[in-house]
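*Asks:* Listed in order, the protein sequences are those of chains F and G. The UniProt record's numbering numbers the first residue of the first sequence as 1 and each following residue consecutively. The UniProt record's numbering numbers the first residue of the second sequence as 1 and each following residue consecutively.
Keep in mind the hints are simulated off the structure, nothing from the lab. Among these hints, one or two may not hold up.
Straight-line Cα separation of at most 27 Å, DSSO-like style, residue types lysine-lysine; simulated pairs [unchecked claim]:
#1 G/Lys-47 - F/Lys-79
#2 G/Lys-55 - G/Lys-80
#3 F/Lys-169 - G/Lys-33
#4 G/Lys-18 - F/Lys-2
#5 G/Lys-221 - F/Lys-79
#6 F/Lys-2 - G/Lys-256
#7 G/Lys-201 - F/Lys-2
#8 G/Lys-55 - F/Lys-79
#9 F/Lys-79 - G/Lys-61
#10 G/Lys-80 - F/Lys-79
Remember, predicted model here, so these are calculated numbers, not experimental data.
Residue-level listing of the chains:
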Amino acid sequence: MKYRSVFDIIGPVMIGPSSSHTAGAARIGRVARSLFGREPKWATVSFYGSFAKTYRGHGTDVAIIGGILDFDTFDERIKTSLQIADANGMKITFIEEEAVADHPNTARVIIGDDQGQLELVGISIGGGKIEITELNGFLLQLSGNHPAILVMHNDRYGAIAGVANVLAKHAINIGHMNVSRKEKGQLALMTIEVDQNIEIGVIEELKTLPNILQVTKIAE
Amino acid sequence: MFRNVAELVELAVSRNCKIAEVMIQQEMEVTGKSREDVFSMMDRNLKVMEQAVEKGLAGVKSHSGLTGGDAVLMQAYIEKGNFLSGETILDAVSKAVATNEVNAAMGTICATPTAGSAGVVPGTLFAVKHKLHPTREEMIEFLFTSGAFGFVVANNASISGAAGGCQAEVGSAAGMAAAAITEMAGGTPAQAAEAMAITLKNMLGLVCDPVAGLVEVPCVKRNAMGAANAMVAADMALAGITSRIPCDEVIDAMYKIGQTMPSALRETAQGGLAATPTGRELEAKIFGIPLDRREP
Chain F
1 MKYRSVFDII GPVMIGPSSS HTAGAARIGR VARSLFGREP KWATVSFYGS FAKTYRGHGT
61 DVAIIGGILD FDTFDERIKT SLQIADANGM KITFIEEEAV ADHPNTARVI IGDDQGQLEL
121 VGISIGGGKI EITELNGFLL QLSGNHPAIL VMHNDRYGAI AGVANVLAKH AINIGHMNVS
181 RKEKGQLALM TIEVDQNIEI GVIEELKTLP NILQVTKIAE
Chain G
1 MFRNVAELVE LAVSRNCKIA EVMIQQEMEV TGKSREDVFS MMDRNLKVME QAVEKGLAGV
61 KSHSGLTGGD AVLMQAYIEK GNFLSGETIL DAVSKAVATN EVNAAMGTIC ATPTAGSAGV
121 VPGTLFAVKH KLHPTREEMI EFLFTSGAFG FVVANNASIS GAAGGCQAEV GSAAGMAAAA
181 ITEMAGGTPA QAAEAMAITL KNMLGLVCDP VAGLVEVPCV KRNAMGAANA MVAADMALAG
241 ITSRIPCDEV IDAMYKIGQT MPSALRETAQ GGLAATPTGR ELEAKIFGIP LDRREP
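Bound-form chain F, shown alone (with noise of 0.2 Å):
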């Protein structure tokens, strides 16, 4: 099930025109933000499909930049976000892609300073919700409903069981979770999604395991 609350059906409350094209790029671009952990410098946005064609009539652009700004979805700052980015210094870079993406509403983020950069892609399903595709090369399923943290780890065994240990200590439940790797024994990535915040002890705690190399976590 795609859907899961009636508040994916009726809401989100949002500043308009388009769920599919506000909304969605705003929350898109909001995991970004939120994954980066703090306001980049610059930021590229690659538009697909639909998206390609009609970002500029949906505000498409000015949501995803209010998103990256760290804005909700009924923000009314995202009208001005270009203006606002700009007044922070951010430079800004808009990419229509010709290219077919798997899903009709597709946007590539790469967002970045001089402390390192993340590139993302985001897709929107429909009625504001969105789903993040990839994240740094790694395909992943993450709804951005939920808390979640993702954990770049070395591929080896224990590396999830202690994770897991960890989380269950603290009483945390996991509704998804999801493994992905590039290569056998190489870099991997878990995806977590839970059912609570989780507090900034924990993820410290999980920062000091064997063979994980780095923990963030996204709030819902």
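We have chain F already, so just place chain G on it with the hints.
*Replies:* Just chain G now, with coordinates in the frame of chain F:
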């Protein structure tokens, strides 16, 4: 968890409760939230809908200038009293248009199930309110009932114009509204499902062809007709008329039609009304792009 309309109706019948109640209980189970929380979240959505209608009836204009002011015209027309169809239908039409005009103007709305189709459910709700005098709680239940049917469509077909055409957006919204109107007017859960089926059947094949890619033309007027369609279908179901094709099969048909629709007719502004000479002229004017540089 109900997966289709047949299961939804069965749950309501076996528990001897409204469709709304089935949706409320499922929401509490899935999210772990209390009944009070779930109700207050829906109440917030209802408030946003009320404010959007109010704003639209006061008159708005979109940035492109393509839409705005039609809700005002319709209210003035109703006040003259010389209308041909019923007052409740026209009131629903004006309020659906009001909401969608606010959406087009980048105002605040509640996606129901999407932003492009946000007018139909509140439009019909606020119109039947004058006829049925529901309590606040019953108005909130109207939204849960709409949500229950939309939930089935979203999980078994689609509510996105880009994925399934306008039948998936305004079509779904109209079906959701028809079911909720039927329940609010005292219809059974089975009658609510019939109303949904009858409405959606009459929205099948509806393409998504927004002029200049904007959620304005023909979206605003499609919200109007979606509302009218929902009202008539609710009356048909309450009269005891049934759909020969069961609701779940209609939803499945809608999904398959959407999949076979060419991408030009799925929110890409490449076909239909968007590709008419006037549609292209408006697009060129709004975005300042010379016509000869547009894609065919």
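*Asks:* State for each hint whether it applies.
*Replies:* Evaluated hints:
no.	hint	in the structure
1	G/Lys-47 - F/Lys-79	22 Å, holds
2	G/Lys-55 - G/Lys-80	22 Å, holds
3	F/Lys-169 - G/Lys-33	23 Å, holds
4	G/Lys-18 - F/Lys-2	24 Å, holds
5	G/Lys-221 - F/Lys-79	25 Å, holds
6	F/Lys-2 - G/Lys-256	18 Å, holds
7	G/Lys-201 - F/Lys-2	24 Å, holds
8	G/Lys-55 - F/Lys-79	18 Å, holds
9	F/Lys-79 - G/Lys-61	16 Å, holds
10	G/Lys-80 - F/Lys-79	38 Å, violated
Checked against the numbered hints given earlier, this structure breaks only hint 10.
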